[in-house]
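J.: Model the full assembly from the supplied sequences, consistent with the hints where possible.
In case you want the letters, here they are:
Number of protein chains: 2
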Amino acid sequence: MFQDALLWAGQLLNISIPFLASSQQTVLSYSTYDDFIAHCESFASKASLPGATIHFSQYVPAGTNISLDDNHPTCQISHWVVPSNVCRVAMSVSTSSESEMSSEAWLPYNYTGRFLATTNRGLGGCILYNEMEYASTLRFATIGMNTGFNGSTGAPMLNNPNAIADYAYRSVHMGTTAGKELTKQFYGSASRKSYYLGCSSGGRQGFKEAQDFPEDFDGILAGAPALGLPRIVAWGNYLSQAVGPPDSETFLTPPLWALVYDEVLKQCDKLDGTEDGLLEDPNKCDFLPETLLCVKGQKKACLTSNQVEAVRKIFSPMYGLNGELIYPRMQPGINTKRQMPFYFDGSPSFLSEDWFRHVVYNSTSWDGRTFTLEDAAAALRQNPFNVETYNGDLSAFASRGSKLLSYHGLQDWVIPSEMSQLYYAHVARTMSLPPAELDKFYRLFFISGMEHCRDGDGAWAIGQDRDAYGGKDAEENALMALVRWVEEGVAPEVLRGVKYSEEDAITPEYWRAHCKWPKKNRYIGPGSSTEESAWICE
Amino acid sequence: MFQDALLWAGQLLNISIPFLASSQQTVLSYSTYDDFIAHCESFASKASLPGATIHFSQYVPAGTNISLDDNHPTCQISHWVVPSNVCRVAMSVSTSSESEMSSEAWLPYNYTGRFLATTNRGLGGCILYNEMEYASTLRFATIGMNTGFNGSTGAPMLNNPNAIADYAYRSVHMGTTAGKELTKQFYGSASRKSYYLGCSSGGRQGFKEAQDFPEDFDGILAGAPALGLPRIVAWGNYLSQAVGPPDSETFLTPPLWALVYDEVLKQCDKLDGTEDGLLEDPNKCDFLPETLLCVKGQKKACLTSNQVEAVRKIFSPMYGLNGELIYPRMQPGINTKRQMPFYFDGSPSFLSEDWFRHVVYNSTSWDGRTFTLEDAAAALRQNPFNVETYNGDLSAFASRGSKLLSYHGLQDWVIPSEMSQLYYAHVARTMSLPPAELDKFYRLFFISGMEHCRDGDGAWAIGQDRDAYGGKDAEENALMALVRWVEEGVAPEVLRGVKYSEEDAITPEYWRAHCKWPKKNRYIGPGSSTEESAWICE
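So the protein sequences, as listed, match chains Z and B.
By numbering that gives the first Met the number 0, the letter at position 18 of the first sequence is numbered 17, and the numbering carries on one by one without gaps.
By numbering that gives the first Met the number 0, the letter at position 179 of the second sequence is numbered 178, and the numbering carries on one by one without gaps.
Don't take every hint at face value.
[Claimed, not checked] If you want the ones that stay clear, here's a sample from chain B, every Cβ over 12 Å from chain Z, calculated: (1) P72; (2) K183; (3) S247.
[Said to hold, decoys possible] Taking lysine-lysine and the DSBU-like style, the derived pairs with C-alpha atoms no more than 35 Å apart in a straight line are: (4) B/K439 x B/K471; (5) B/K192 x B/K518; (6) Z/K439 x B/K336; (7) Z/K269 x B/K439; (8) Z/K312 x Z/K269; (9) B/K518 x Z/K295; (10) B/K515 x Z/K312; (11) Z/K336 x B/K518; (12) B/K515 x Z/K518; (13) B/K515 x B/K283; (14) B/K515 x Z/K283; (15) Z/K269 x B/K518; (16) B/K515 x Z/K336; (17) B/K518 x Z/K312; (18) B/K298 x Z/K439; (19) B/K439 x B/K515.
Since the hints were derived computationally from the structure, they do not count as laboratory data.
Backbone N, C-alpha and C fix where the C-beta goes; we use that ideal spot for every residue, glycine too.
T.: Take a look at the structure:
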């Protein structure tokens, strides 16, 4: 942070800091705090962005509870307390002659010269204020954007190729381009480095950028990416069918899922060297659910053969009509006691129905219960605008020196982490680069005890979001580790995460250093499993 | 063996030994050794078996090198030195009005009252003299049989449903029935217990007996069973196609397969607690072949992306046209340095072509290189006489008190051991019996360092065959452990195997106790990995 402070001082004084290359300098459009406020309030009328309309710019002092009247009700956020002083700018950006997206910029006074874009989740277009808050507090000029449409469902994509294109790839690129220009005009010169932060659908969008718009970002932090998106939605239907409705013989009640979880731990927790309730490598877990079979006359909770069959199916990969892998298995170790995956609730997976109704078939009455592998094939064939995001050639991204830092939770019950492994291996083969070579621009970390993007039983707070970090230095924060990698060439060997207490979800309890794939954590002691030094990556 | 000796003495004296139940007694047709010889030489003319023709009976003193003139040349055995005194009887047994099988009995002088049947390997019908020698030396009245046809290929099954029926299920049952009657007539009363010994195709035949003829045997020792036979042959074609012919981009030369083996060990050998060249649980091995990718300009041996893709395919399961599992993956840990699997030699798998030509399509020109998943589906649909041998209901076998002891090598590169796990789980679900309940009649052991039925890098000599045991007591011999389980109710918790020296293949080097599934061996020390006590089953 010392270098940042010097840089910031240099910017304020409008002088060059000798050790900074000229490409790292920005020329600020303001010098004092009052200037910043005045500049902000008048910025909307002064700025001019090609293809974009600026709606307003407003100074937001730290602590302001801003009203988000325009936010779609399904986004479930109508107000947001902004914790740092920012200039907030709202704009619309054309994504085609017939479509546009909304974007919002939070531009901090104490700007570091770094630009950062954030996007969305699921099939929806909600601006992620949590990520905007996080990045702007870390002094990035931060752009949040919808995905060409608002709300938390794929309904706007019905019969709407523009919306699909925006969702698949276009909005992020257009929003980023506009956001960069806005940032440049606001601060007086281009940002010296540009970053991306996203998880889930936002993680996929980060990979899409690395694949198709390698010039957009110098560093991408992409978590739990929804790579192979049409595959995920097919798999969701498959899982829902495997358990069936609540009255079917294959359905498991929550107490039975809790039983399954306990048995997974019993069989597999120790494989990483210690039984701490966390699987450091679910791939090693060859789960045998038959141990839970009911014996005649058994009183204790147990599973019928049909239920065991369902569990086995869920923890096995899904294959398609030509015997090809559609999607990896649900990973053992997901805590079905802490959090019941929506796939298992007895109704068709909402996410899956949503995609098939609004994108694959344009039929809002399509019923997930009718799902067959033919439907899976149809979704994979369609793959609109290559939303699958599975191009394994990252050579343009790599050769311009950009860095891709990805993480995936090992308790992720929405998108199994194995998908990130499969893509990693695909990139390796496509580019003929073994892990040691991929390390130069693409690093992947698996986070034990992390569910989808956050939460879970382990030390999952790695610096991926607001309320998800144990510190703001590169040693303890994935986003700042990415910054250091990009700006200083020091790449992360581990991502350290903090475990919050279960009581208040804030108090740090312990740290764990999560390994860079393909290394995995193994407990060697002699300290307890909550001691970082008791683990090695091997 | 003390009880056997007493029993034997009782038989000679034709008196009851008090502690033996009357069902365990036999009344011998001879009393002195000279009687035995005379009885043997005249037996062919005296005996009368329904549906069978006895060709000859001859006394064979220990050390005789018998000539096997009638043995099919592809069986590659024309002589056999018989190491113990036996009465050898040859017969033909009708298997239908239009078909027959050959069978041979080796009836020891010092008979224990135990009957044992052995069968065949592969798609052929060769009598296994090694197994006959082994069992008769252990004083079983031993029956060897062809499979309704002779030779080592499936050619006799071409347009011949009788031969297919004999191969699939009939010959073993008919041969056993005749063999039991022959034994009864020879010794004067029925054998007190009947056993089965077989591996590979013979292992499958053992399971077929347990499934369909539960009365035939009190104890079955079935190794590396070819369960799901039409699946194996489909998989063989699939593997051969994955590597392709020697000039294809996916083909790996033997040195490259050696490289793959070394890398598998590097990634996975330590997962069982120690690096001794043996994987105690290949399921835990999540092999990442991309580590071997060639980097631009690399001099050291390495793999191209296409070769890595082929390796990945081989170590992944095979799925069919409806996304259903056809066959599990080739198991990591097979020593492709010691022994190159025939699937990888660049030509279509002989075994697979053999089955498709002579059973599935009745077309001797069918070419394995044209194989598609449609062919796999055709083979599975055909499943003649349920040769798949996958009935999961062993209740008749279990309820009569019979015992099934199965083993499978963890370096088996012909039939992956995971197939035995899948069947085990299938039986568990079909009968709703968890492992602790299956233990009462069905126990499965995985043998580290065992290739197909025998050989390999580990302590694979468990008592499955001649030259494959470290002792003749139940504690060190799988066959005698089965006998003890059947006759005394003491079931094996481990199968102890001996490792022979690489130099002479005879000198015992160390022992390892192989665990009863689903337990696996883990090294805990403190002794070296060659000490039995350094391992625990957990």
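J.: Taking the hints in turn, state whether each one holds.
T.: Taking the hints in turn, this is what the structure says about them:
no., hint, in the structure
1, P72, "holds, 39 Å"
2, K183, "holds, 38 Å"
3, S247, "holds, 17 Å"
4, B/K439 x B/K471, "holds, 24 Å"
5, B/K192 x B/K518, "holds, 30 Å"
6, Z/K439 x B/K336, "holds, 33 Å"
7, Z/K269 x B/K439, "holds, 28 Å"
8, Z/K312 x Z/K269, "holds, 24 Å"
9, B/K518 x Z/K295, "holds, 24 Å"
10, B/K515 x Z/K312, "holds, 25 Å"
11, Z/K336 x B/K518, "holds, 26 Å"
12, B/K515 x Z/K518, "holds, 30 Å"
13, B/K515 x B/K283, "holds, 17 Å"
14, B/K515 x Z/K283, "holds, 19 Å"
15, Z/K269 x B/K518, "holds, 13 Å"
16, B/K515 x Z/K336, "holds, 31 Å"
17, B/K518 x Z/K312, "holds, 22 Å"
18, B/K298 x Z/K439, "holds, 21 Å"
19, B/K439 x B/K515, "holds, 12 Å"
Comparing the model with each earlier hint shows no violations; every hint is respected.
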